[in-house]
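Trainee: Model the full assembly from the supplied sequences, consistent with the hints where possible.
2 protein chains.
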Amino acid sequence: MTEFVSKIDKEKRKQAAELLRSHYIKLIEQVKREEPPVLEIPKRTLTNTIYDKERKLLLLGPEKLRRNFLDLNEAKKFMQTVLMASIIYEALVNDEYPTIRDLYYRGKHTLILREPSGKSYEENTWDEQDESDDVIVDIEVYTKLLREEMLILSKEKGKVVGDMRIRSGNDVIDLSKMGHGAYAIEPTPDFIEFLDYNAEFVLVIEKDAVFQQLHRIGFWKQYKAILITSSGQPDRATRRFVRRLNEELKLPVYILTDADPYGWYIYSVFRIGSIQLSHESERLATPDAKFLGVSMTDIFGDRSKKPYLTEQERKNFIIKAKDVDIKRALELKSYEWFKTKAWEKEVSMFLEKKSKLEIEAMASKGLKFLAFNYIPEKIKNNDYIA
Amino acid sequence: MTEFVSKIDKEKRKQAAELLRSHYIKLIEQVKREEPPVLEIPKRTLTNTIYDKERKLLLLGPEKLRRNFLDLNEAKKFMQTVLMASIIYEALVNDEYPTIRDLYYRGKHTLILREPSGKSYEENTWDEQDESDDVIVDIEVYTKLLREEMLILSKEKGKVVGDMRIRSGNDVIDLSKMGHGAYAIEPTPDFIEFLDYNAEFVLVIEKDAVFQQLHRIGFWKQYKAILITSSGQPDRATRRFVRRLNEELKLPVYILTDADPYGWYIYSVFRIGSIQLSHESERLATPDAKFLGVSMTDIFGDRSKKPYLTEQERKNFIIKAKDVDIKRALELKSYEWFKTKAWEKEVSMFLEKKSKLEIEAMASKGLKFLAFNYIPEKIKNNDYIA
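Which chain is which? The protein sequence lines are A and B, in order. Start counting the first sequence at 1216; every next residue gets the next number (the numbering used here). Start counting the second sequence at 1216; every next residue gets the next number (the numbering used here).
Hints are computed from structural coordinates only; laboratory data are not their basis. There could be a bad hint or two in this list.
To be verified - For lysine-lysine, the following DSS-like pairs were computed, each having C-alpha atoms within a straight-line distance of at most 25 angstroms:
no. : chain 1 : residue 1 : chain 2 : residue 2
1   : A       : Lys1583   : B       : Lys1222
2   : A       : Lys1227   : B       : Lys1436
3   : B       : Lys1569   : B       : Lys1520
4   : B       : Lys1271   : B       : Lys1359
5   : B       : Lys1436   : A       : Lys1370
6   : A       : Lys1392   : B       : Lys1222
7   : B       : Lys1439   : A       : Lys1222
8   : A       : Lys1323   : B       : Lys1583
9   : B       : Lys1292   : A       : Lys1580
10  : A       : Lys1370   : B       : Lys1372
11  : B       : Lys1268   : B       : Lys1505
12  : B       : Lys1439   : A       : Lys1225
13  : A       : Lys1372   : B       : Lys1392
14  : A       : Lys1583   : B       : Lys1225
15  : B       : Lys1292   : B       : Lys1359
16  : A       : Lys1439   : B       : Lys1583
17  : B       : Lys1580   : B       : Lys1465
18  : A       : Lys1530   : B       : Lys1580
19  : A       : Lys1537   : B       : Lys1323
20  : A       : Lys1520   : A       : Lys1530
21  : B       : Lys1323   : A       : Lys1569
22  : A       : Lys1372   : B       : Lys1370
23  : A       : Lys1227   : B       : Lys1580
24  : A       : Lys1436   : A       : Lys1372
25  : B       : Lys1436   : A       : Lys1392
26  : B       : Lys1370   : A       : Lys1392
Mentor: Below you can see the structure in the form of structure tokens.
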């Protein structure tokens, strides 16, 4: 039944299975040498998460934890890690494509421990998916394989159109021939091969509906753009796809979100990654990504810049910031990578005006205004926050 | 700047603009005849929503409301409807592609009314999007144009792959050549032309991640299926796309969701539509759609059927129903279209067992089990709820 599976999947799963095996075979060697089995795994703690100013990335530091099978406090976690590694390995060699939810179910069962006295205990391998997800991340960090490289699939929201050809699976796909629709990015974007393209930059749009509008009016054709939407908070595949366009094709990346702390956070995830999952940042983050807008000075202007909105439009379009927005703004302010002059200005202006704005408000001035005036003018004038 | 816009969009927007104009020109004629301007609009009330047993559709009944400009209680709503119609008309003739959010912003402003005495009142056209959305529906019902036909775009989640060629915009797209990715359906699926296909049925999957798995393992190639995901609650475009595949190509449609009342509700939206928006049902619903599973008898079996899960698997995979699930089940039970023997059995079994199950639990028995055993066997045996 695997005759329909792509060649690249077969290759990649073979590589991953071998690498995974080589990492865990160490445990058997330890047992054979009559040593206690121990896993050495990079620590995923806040204190071991370092912001690399040069590379502008959140990275895991050098600290490691030793997970010892014979330590009672660590035995369960040890077992969970080894159980999960074996489930992933089985899936790899059996041509399966599990999701992290599957992996949770596959490993979920009750162990019954019987003491010589006859007394017995029950222990679940795990109860909630949090626990199984956590050991998957341990395995990623330990093997340096991202879960996508282990053929673990997931829900995907990212879409792309543009003058570009790619190879995915056994097919060549022309991203400029998607009609009114778009190409939905695969969950394993590292398996994509970039063939040829005619594009000068990448525009990432937070909102799917705005992506549809810009696509339909021909924005990417007019300005030689690769147009992408993350449909809200970006998933891993969209982040990796954007990073690859930037790193491998040297295309500048501009990110367009609502003018509010949630939009900044989306930008931040693209640019830096999340603190919780800094081990991924090295592969998924795009440190060069620029925040194109909508910025506070687009709304209000400043000494050197005319605002894009009139007084009347501000009155009709601006939304009053909520407490949760203010809270999030203060939180972002404390992040190392927001401690730049431009971001401090942006955040202070927001805190002073207590105002936010949706991209749709810009589109409601006319889609042509958004597509053929606002966006290209800002790019041309380098009017973004880097 | 419109040289990049597709031919079909230009035609469709011309048609819509003319139709919209012909409906509202009546008001000017009334004024010229010195009659009070009145709009006659089909009533969108629960009492005027009828379940057509023959066509298995929720439809609007014959009742109409008269919205009279000179009636103080109706003047505001009258103004809102006419304002919105004029904004949509402007967008149509100006080659715009608004979203419903845009339309809200475009019309949002404050009217100042000055009495001869000098006293003045302020009145907003609308405050919340609910209000502007509501008049858009009135316009749809009044003109019999769906908003998509008026080139109003929206966020889209639906994806498709399969052995089929379609024309969208100016492009021909081969849905069998999407690699590991998929084709993201456009917001205006009525503009799609079906060219040729080699498929025997349509399988709609609630969950995007399960869609990814079945796609990747070659399910649609093996069984000649058009594979679709709605990514949760289906949007209008996905519903319309599925309906067209069923109606125009006579392909049977099977829907696969989690085994819980939320999954049944998703099925119900595909099959019948929502009560609130029954005017759409006639175009968006697929009354022939079959609920393939996961059903309660798949989990527990019954006199004539062996369950797909072992006792041990039930123990590990089943999730206890929550109060909200029970409540939703009781609600669904009261719907006319759930009052069939098969559904009554399904719902009672759920209420008795108070158990639900995710599709992922089936996949965790092995993706090959889900793809090459469970789904095809159920289709072959007509083991679904119609």
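Trainee: It remains to establish, for every hint, whether it holds in the given structure.
Mentor: Here's how the hints hold up against the structure:
no., hint, result
1, A/Lys1583 x B/Lys1222, "18 angstroms, holds"
2, A/Lys1227 x B/Lys1436, "22 angstroms, holds"
3, B/Lys1569 x B/Lys1520, "20 angstroms, holds"
4, B/Lys1271 x B/Lys1359, "20 angstroms, holds"
5, B/Lys1436 x A/Lys1370, "21 angstroms, holds"
6, A/Lys1392 x B/Lys1222, "15 angstroms, holds"
7, B/Lys1439 x A/Lys1222, "21 angstroms, holds"
8, A/Lys1323 x B/Lys1583, "19 angstroms, holds"
9, B/Lys1292 x A/Lys1580, "24 angstroms, holds"
10, A/Lys1370 x B/Lys1372, "11 angstroms, holds"
11, B/Lys1268 x B/Lys1505, "16 angstroms, holds"
12, B/Lys1439 x A/Lys1225, "23 angstroms, holds"
13, A/Lys1372 x B/Lys1392, "19 angstroms, holds"
14, A/Lys1583 x B/Lys1225, "16 angstroms, holds"
15, B/Lys1292 x B/Lys1359, "19 angstroms, holds"
16, A/Lys1439 x B/Lys1583, "43 angstroms, violated"
17, B/Lys1580 x B/Lys1465, "33 angstroms, violated"
18, A/Lys1530 x B/Lys1580, "57 angstroms, violated"
19, A/Lys1537 x B/Lys1323, "21 angstroms, holds"
20, A/Lys1520 x A/Lys1530, "19 angstroms, holds"
21, B/Lys1323 x A/Lys1569, "20 angstroms, holds"
22, A/Lys1372 x B/Lys1370, "11 angstroms, holds"
23, A/Lys1227 x B/Lys1580, "23 angstroms, holds"
24, A/Lys1436 x A/Lys1372, "23 angstroms, holds"
25, B/Lys1436 x A/Lys1392, "23 angstroms, holds"
26, B/Lys1370 x A/Lys1392, "20 angstroms, holds"
Checked against the numbered hints above, the structure breaks hints 16, 17 and 18 and satisfies the rest.
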